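Chemist: The primary structure of each chain is shown beneath.
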Amino acid sequence: MMKIETTLSTLAEDINAFYDARQWHFLTVNGIDLGEGKIELQWIFSRYGAKDDIVIYNTQSDYETPVPSIVSLIPSAFMSEREIVDMFGLKIEGTERGLYLDKDSLEHPLRGES
Amino acid sequence: MLKALLEAFKNLFKPIRTIDYPARDMTLPQGYRGLIEYDKEACIFCDKCEKVCPPGAIVFYQHPEGEKEYRYNPWVCIYCGECVRACPKPDEALWHSETKQSAAFKEDGVNTEWFEWEAACKASREAYKAAKASAKIQKKSEE
Amino acid sequence: MKKTVHIPLGSQHISLLEPIRFKFECENEKIVGVDADVGFVHRGVELACTRNFEFKQVGYVVARVCGLCAITHSLSYTLAAEKLLGYEANDRIKYLRMLMVELDRIHSHMLCLAHTAENAGFEALFMQIMGDRELIMDVQEAISGNRVQFDFIAIGGVNRDLTPELADLIRHNLTALSEKIDALMVLFEGNWSLSLKYKGVGVLSLEEAYIYNALGPLARATGLATDVRAETNDFPYEAIGYKMILESGGDIHARNFVRLREIVNSIDMCRNIADNLPAGEIQEKTKGKPKGEALVRVEAPRGELFYLVRGNGGNMLERVRIKTPTFSGIPAMMEVFKGSEYADAPAILASFDPCMSCTAK
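Chains as they are written, first to last, in this note's numbering: chain E, 1 to 114; chain H, 1 to 143; chain Y, 1 to 361.
Some clues are possibly wrong.
As the list claims (entries may be wrong) - Over 12 Å on every C-beta distance to chain Y, these chain E residues come out as not near it, computed from the model:
| id | residue |
| --- | --- |
| 1 | E5 |
| 2 | I92 |
| 3 | S105 |
Said to hold, decoys possible - In silico SDA-like cross-links for lysine to any residue, where the CA-CA straight-line distance does not exceed 25 Å:
| id | chain 1 | residue 1 | chain 2 | residue 2 |
| --- | --- | --- | --- | --- |
| 4 | E | K103 | E | D52 |
| 5 | Y | K94 | E | D52 |
| 6 | E | K38 | Y | A48 |
| 7 | H | K48 | H | Y61 |
| 8 | H | K51 | H | E118 |
| 9 | Y | K56 | H | E118 |
| 10 | H | K100 | Y | E141 |
| 11 | H | K89 | H | E113 |
| 12 | Y | K289 | H | Y61 |
| 13 | E | K3 | E | Q60 |
| 14 | Y | K94 | E | M79 |
| 15 | H | K48 | Y | G288 |
| 16 | H | K51 | H | G66 |
| 17 | Y | K338 | E | M79 |
| 18 | H | K40 | H | A120 |
| 19 | Y | K291 | E | S105 |
Said to hold, decoys possible - Residues of chain H clear of chain Y, computed beta-carbon distances all greater than 10 Å:
| id | residue |
| --- | --- |
| 20 | N11 |
| 21 | P22 |
| 22 | W75 |
| 23 | P88 |
| 24 | K129 |
Everything labelled a hint here was simulated from the structure, so no lab data went into it.
Please read these numbers as outputs of a predicted model, since none were measured by experiment.
Glycine included, each C-beta is placed from N, C-alpha and C at the ideal position.
Construct the complete structure from the given sequences, taking the supplied hints into account.
Modeler: Set out below in structure tokens:
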């Protein structure tokens with residue numbers, strides 16, 4: 001398992017240089033709340049045909065900065081992005097709230113109590 | 001195609017596969033996960049079963065004189081058996097029987113009485129702790 | 001002037017088993033655009049695992065995310081927690097866990113085949129397959145005490161053991177089942193009315209499977225060789241005779257055959273386990289609290305299931321992230337609908353085997 005640190009501004013170029021549709025399988029986008037308004041974001045990939053070969057792109061951010069979307073490169077990422085917009089209240093371009101939550105549900109349930 | 005037609009014709013004369021429960025009783029297998037049963041004499045009131053239960057189906061009430069009362073809700077229980085595994089005396093005080101639980105009726109009070117009992121137990125615990133703390137302070141001030 | 005019509009395959013439909021809503025944009029019965037709405041059954045399981053339950057009880061909570069793949073959820077969480085506690089199970093525990101996972105795979109695939117046959121109009125075959133599935137449900141009830149939610153796996157081992165009478169019951173029922181599966185394979189291949197509904201309908205090509213990250217039997221029916229049982233070191237699958245099943249063609253007929261051949265392979269694996277189970281303890285005590293981060297992937301009947309668990313040394317966990325197979329398969333499913341007729345949509349949807357309670361946790 002390999003963890004690579006990246007930043008929000010260089011994310012699109014890093015994944016563009018790394019991703020090859022025939023070799024890597026995109027798993028999901030994950031967010032972990034670290035308290036005090038900070039969030040850790042992870043993009044997880046695994047290799048086809050190899051044993052336990054997982055690559056994670058890791059970065060830390062806060063809730064105000066907009067997160068770049070990788071849908072133009074990996075078309076199936078829109079489901080995971082809609083989920084973290086619902087659960088954490090992040091801002092991603094071209095994605096809006098409404099996958100799991102209704103108009104009168106709680107706002108961003110997985111954000112820690114602040 | 002002909003084979004499927006022949007199979008469909010034979011099915012007219014085969015016996016019915018479903019069991020008409022509750023007119024006819026069904027046979028439960030050996031080791032079926034049934035109700036949890038309790039014996040008050042052997043219990044040492046260590047509270048391990050209450051802490052380990054995932055949905056909170058066993059709740060103890062703390063009487064002010066010092067003894068505890070056990071109550072179990074068979075309609076919240078998931079019959080996992082964790083309480084039996086955590087008990088220090090698993091076959092004498094608490095064990096897993098093979099009786100099937102029945103459906104709940106309105107007079108069992110599953111939705112109202114059980115939640116009142118849970119709130120009363122929590123309040124009784126806090127009252128007991130507060131009474132003990134104040135008794136300790138009083139004893140210290142006497143010395 | 002071209003005009004498109006919006007037709008819903010709504011959340012209430014006579015052929016639908018799961019609560020999902022599609023909005024199709026159709027030109028004269030041919031589908032050109034798809035919009036999907038999942039999330040009717042969202043219950044907030046990820047939040048409950050970190051607020052209301054301690055780490056020893058989370059295995060029972062997480063098993064109730066789905067009914068058909070309950071044991072794979074509970075197994076993945078338990079493996080992740082054992083990795084954080086630094087504990088490795090002995091051989092007998094590993095083989096017993098694999099036995100229950102393979103039995104679960106057999107009954108889930110039979111349910112999907114029955115539902116696909118029903119949507120093609122052959123309701124008698126649906127009843128027959130469900131009746132034959134009772135052979136496996138009897139075995140599961142005898143081993144674990146319940147037909148659907150097993151509660152069989154705990155941190156440190158399994159809860160019940162396998163006696164010689166149970167091993168005899170397993171062998172007897174599996175022999176009876178394998179004759180019926182052989183008869184089913186002849187029927188699905190040769191019956192004329194079923195082949196009109198299945199061959200050449202709902203095609204996903206290999207290129208599209210790579211682009212949209214398809215997984216599970218949906219990907220293996222197009223020729224993409226991906227299966228977590230061959231890509232992980234946690235379980236000794238090669239030792240009991242696992243083979244990867246691939247077909248080419250990508251239509252509904254190929255998916256049915258991937259599932260049928262996987263059932264045959266699973267029957268062989270279960271028989272191997274029942275004959276050669278190593279000796280040992282079934283439950284061992286573990287000490288400590290979970291600290292750090294662990295990732296686990298397990299092959300559920302519908303694809304790849306992924307768990308990420310993070311703890312900080314206390315009784316409550318910090319983050320439990322669940323990624324279910326149907327959730328990742330929705331983009332590929334939406335792609336298959338484009339270009340087919342509207343009347344084929346229920347049969348195509350049943351052949352995907354969607355599980356909505358997994359998707360909207």
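Chemist: Would you mind marking each hint as holding or not holding in the structure?
Modeler: Now the hints, each set against the structure:
The beta carbon of E/E5 sits about 15 Å from the closest Cβ of chain Y, which is more than 12 Å, so the claim that it is off the interface holds. With a cut of 12 Å on Cβ distances, E/I92 stays outside the contact zone with chain Y, its closest approach being about 16 Å. The claim that E/S105 is not at the interface with chain Y is violated, since a C-beta of that chain comes within 12 Å of its own (minimum 9 Å). Restraint check for E/K103 and E/D52: the C-alpha separation of about 41 Å exceeds 25 Å, so the hint is violated.
With a CA separation close to 18 Å, the supplied pair Y/K94 and E/D52 stays within the 25 Å bound. Distance hint between E/K38 and Y/A48 is fulfilled; the C-alpha atoms sit about 21 Å from each other, no more than 25 Å. At most 25 Å may separate the alpha-carbon atoms for a hinted pair to count; H/K48 and H/Y61 meet this at roughly 14 Å. Restraint check for H/K51 and H/E118: satisfied, since their Cα atoms lie roughly 14 Å apart, inside the 25 Å limit.
For a cut-off of 25 Å, the pair hint linking Y/K56 to H/E118 stands: about 22 Å separates their Cα positions. Restraint check for H/K100 and Y/E141: the C-alpha separation of about 14 Å stays at or below 25 Å, so the hint holds. Simply put, H/K89 and H/E113 have alpha-carbon atoms about 30 Å apart, too far for the 25 Å limit, and the pair is violated. With a C-alpha separation of about 30 Å, the suggested pair Y/K289 and H/Y61 falls outside the 25 Å cut-off, and the hint is violated.
This hinted pair checks out: E/K3 and E/Q60 have alpha carbons roughly 13 Å apart, not beyond 25 Å. With a C-alpha separation of about 34 Å, the suggested pair Y/K94 and E/M79 falls outside the 25 Å cut-off, and the hint is violated. Note on H/K48 and Y/G288: the hinted pairing holds, with a Cα-Cα distance of about 18 Å set against a maximum of 25 Å. About 19 Å separates the Cα atoms of H/K51 and H/G66, which keeps this hinted pair within 25 Å; it holds.
Restraint check for Y/K338 and E/M79: the C-alpha separation of about 19 Å stays at or below 25 Å, so the hint holds. For the suggested pair H/K40 and H/A120, the alpha carbons sit about 21 Å apart, so the restraint of at most 25 Å is met. Under the criterion of a C-alpha separation no larger than 25 Å, the hint pairing Y/K291 with E/S105 is inconsistent with the structure, at around 33 Å. Residue-level check failed: H/N11 sits 7 Å from the nearest beta carbon of chain Y, not beyond 10 Å.
Distance check on H/P22: its Cβ is at least 18 Å (rounded) from any Cβ of chain Y, clearing the 10 Å threshold; non-interface status holds. Once the 10 Å rule is applied to beta carbons, H/W75 is consistent with being away from chain Y; the minimum gap is 16 Å. Its beta-carbon lying about 14 Å from the closest one in chain Y, H/P88 satisfies the requirement of being farther than 10 Å from that chain. No Cβ of chain Y approaches the Cβ of H/K129 within 10 Å, the least distance being about 21 Å, so the stated non-interface status holds.
Checked against the numbered hints above, the structure breaks hints 3, 4, 11, 12, 14, 19, 20 and satisfies the rest.
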